[in-house]
Amino acid sequence: MMIKEIFIVILLVAGCFFFLAGTLGLLRFPDLFSRLHALTNADNLGLGFIAAGIALYIASPWATVKIFFIWILTLLSSATSSYLIARFQREQEKSKNGEEE
Amino acid sequence: MDILIDSLLAILTIYLAFRCMLAPKLSKAVFVFFAFGLMLALAWIRLGAVDVAIAEAAIASGFMGVLMLDSLRDFSLIFSKNQERLEETASKIPIKKDSYHWTTALALGLGLILFLLISIQAIWEVPQGGGLTAIAEANLPMSGVEHPVTAVLLNYRAYDTWLEIGVILMGLLAIFAAGGLKQYRKPGLAPAQDPLLRKTILIFTPVLFLFGAFLLYFGKMGPGGAFQAAVLWGAIGILLHLGGWTVFTVIPRRMRQILVTIGLGFFMILGFTQMATGGAFFEYPPAYAGFLILVVETLAAISIAAALTAIFAFLTK
Amino acid sequence: MKIGTYEIYSLTSAILFAIGLGGVFLAKHFLRKIIATIIMGAGVFLCFVSFAKRDALTFADPIPHALVITGIVVAVTAAAFALSLARRIHKLTGEDTFGNEK
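Residue numbers (UniProt numbering), protein chains in the order written: chain X, 1 to 101; chain E, 1 to 317; chain A, 1 to 102.
Keep in mind that the hints are not guaranteed to be accurate.
[As the list claims (entries may be wrong)] In silico lysine-lysine, DSS-like type, Cα no more than 30 Å apart, as pairs:
#, chain 1, residue 1, chain 2, residue 2
1, A, Lys-2, X, Lys-66
2, E, Lys-28, A, Lys-28
3, E, Lys-28, X, Lys-96
4, A, Lys-2, E, Lys-28
5, E, Lys-25, X, Lys-94
6, E, Lys-220, A, Lys-91
7, X, Lys-94, E, Lys-28
8, A, Lys-53, A, Lys-91
9, X, Lys-96, A, Lys-2
10, E, Lys-25, X, Lys-96
11, A, Lys-53, E, Lys-25
12, A, Lys-91, A, Lys-28
13, E, Lys-199, X, Lys-66
14, A, Lys-91, E, Lys-25
15, X, Lys-94, E, Lys-199
[Claimed, not checked] One-sided excerpt, in silico: chain X residues whose CB lies under 10 Å from chain E:
#, residue
16, Cys-16
17, Thr-40
18, Ala-42
19, Phe-69
20, Leu-73
21, Leu-76
22, Ser-77
23, Ser-81
24, Leu-84
25, Arg-87
In case anyone wonders, no lab produced these hints; they're calculated from the structure. The beta-carbon is built from N, C-alpha and C at its ideal position, and this holds for glycine as well.
Please construct the entire structure, taking both the sequences and the accompanying hints into account.
Here is the structure:
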């Protein structure tokens with residue numbers, strides 16, 4: 001029992017750490033691409049850790065499946081939206097450079 | 001520990017509301033508004049109102065936020081005299097600062113603080129122990145559902161819910177009227193150019209549909225129900241529109257009208273049938289109550305989803 | 001006085017309403033005014049649900065919950081209508097504030 005609780009705490013703390021790192025990156029990185037990189041990478045990993053921790057805490061197979069799906073869907077939507085933001089930014093930069101030439 | 005979490009959440013909510021009002025850039029205010037809605041949803045969960053949390057996150061934060069974002073794009077365009085779009089200058093125009101003479105600001109600030117104190121006083125003087133929890137609980141076995149909030153929405157106070165669907169329909173009509181003569185975006189199925197966006201939308205469509213149907217059915221015994229399901233189904237329509245499949249404009253006009261009004265219409269027919277068979281308006285016979293509520297909820301959800309998609313499709317031409 | 005969930009959130013609701021009210025008076029841009037009305041509404045809803053929490057027996061009072069769900073949907077519909085009006089005004093006149101508030 002004790003070991004399980006320690007595992008849960010470790011997973012949750014690791015998740016919070018990655019969220020903190022991702023937020024720090026979002027606030028401190030200089031340009032859009034590196035910000036997106038920090039946000040999506042670190043936050044998805046953090047969410048994964050927290051989801052694993054909660055699944056272990058609830059310890060019910062159906063809840064685990066649901067939490068897993070939440071994680072997958074969040075991964076999918078955050079990956080797509082950050083890709084779209086990055087693509088928009090790139091096209092903007094391209095058209096700006098085209099005008100200058 | 002509880003107090004710590006609650007106070008943190010409360011302070012964060014208040015801070016975000018302040019930022020919404022005081023952020024120098026309008027776009028920032030809109031993004032903070034999203035965050036504000038999500039914090040509020042957490043506050044609902046802390047207060048034990050999970051139904052409200054789902055509604056808040058989906059409708060007030062999600063749907064409203066999407067409309068706000070789209071309006072933001074509209075407001076950052078400059079129009080010339082002949083209504084043509086000249087150029088997108090979102091970053092170039094300085095947003096007008098909200099500045100006032102200091103006496104006005106001081107007077108308004110003092111007035112607001114006075115108002116705040118009076119309202120806190122009023123809230124804390126509301127007598128305790130009222131409420132209709134006991135009555136709601138006692139009648140639960142007769143209502144046809146097991147979840148008290150759904151029982152209130154679809155059985156005890158079905159009248160309110162019926163009129164609420166009417167309000168949504170009125171809102172839709174008012175938006176059509178205020179939108180001028182402009183029609184929807186040209187009908188046509190032109191999927192998004194981007195393969196990744198297209199694929200993601202196609203993955204999310206069945207997932208959202210399934211989850212909406214789950215919430216609709218689960219509303220019988222737990223948090224969920226017609227509104228939450230309707231927003232998820234409306235989100236399908238909005239996503240498809242964003243991806244270029246303008247579903248709502250492609251289906252025939254008559255079909256659109258039926259979709260939008262079927263919830264209100266069925267609700268009304270049901271109410272009058274109950275009156276005709278000797279009951280009161282919306283007095284369900286206990287034996288069929290569960291089944292009737294599920295049918296009404298499904299049709300209402302379809303109508304609300306169609307109305308939300310229509311509002312989105314019409315506003316974001 | 002005992003400080004619990006109800007006290008914290010009822011206080012928050014009053015503050016949110018005051019912020020929204022201030023925003024309706026002081027903000028100039030249409031969008032910001034609309035956001036301010038939504039914040040005002042959120043204050044009222046929070047007040048309702050915190051009463052439900054305070055008067056809870058075996059479960060929290062479901063009537064305020066149902067009222068608030070109804071209220072959220074109506075508020076959003078009204079705000080969407082306000083948005084469409086604001087966009088129409090902007091389209092026709094190019095203004096994004098009321099004329100006398102410039």
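Violating hint indices (sorted, rising): The structure breaks hints 1, 4, 6, 8, 9, 11, 16, 17 and 18; every other hint is satisfied.
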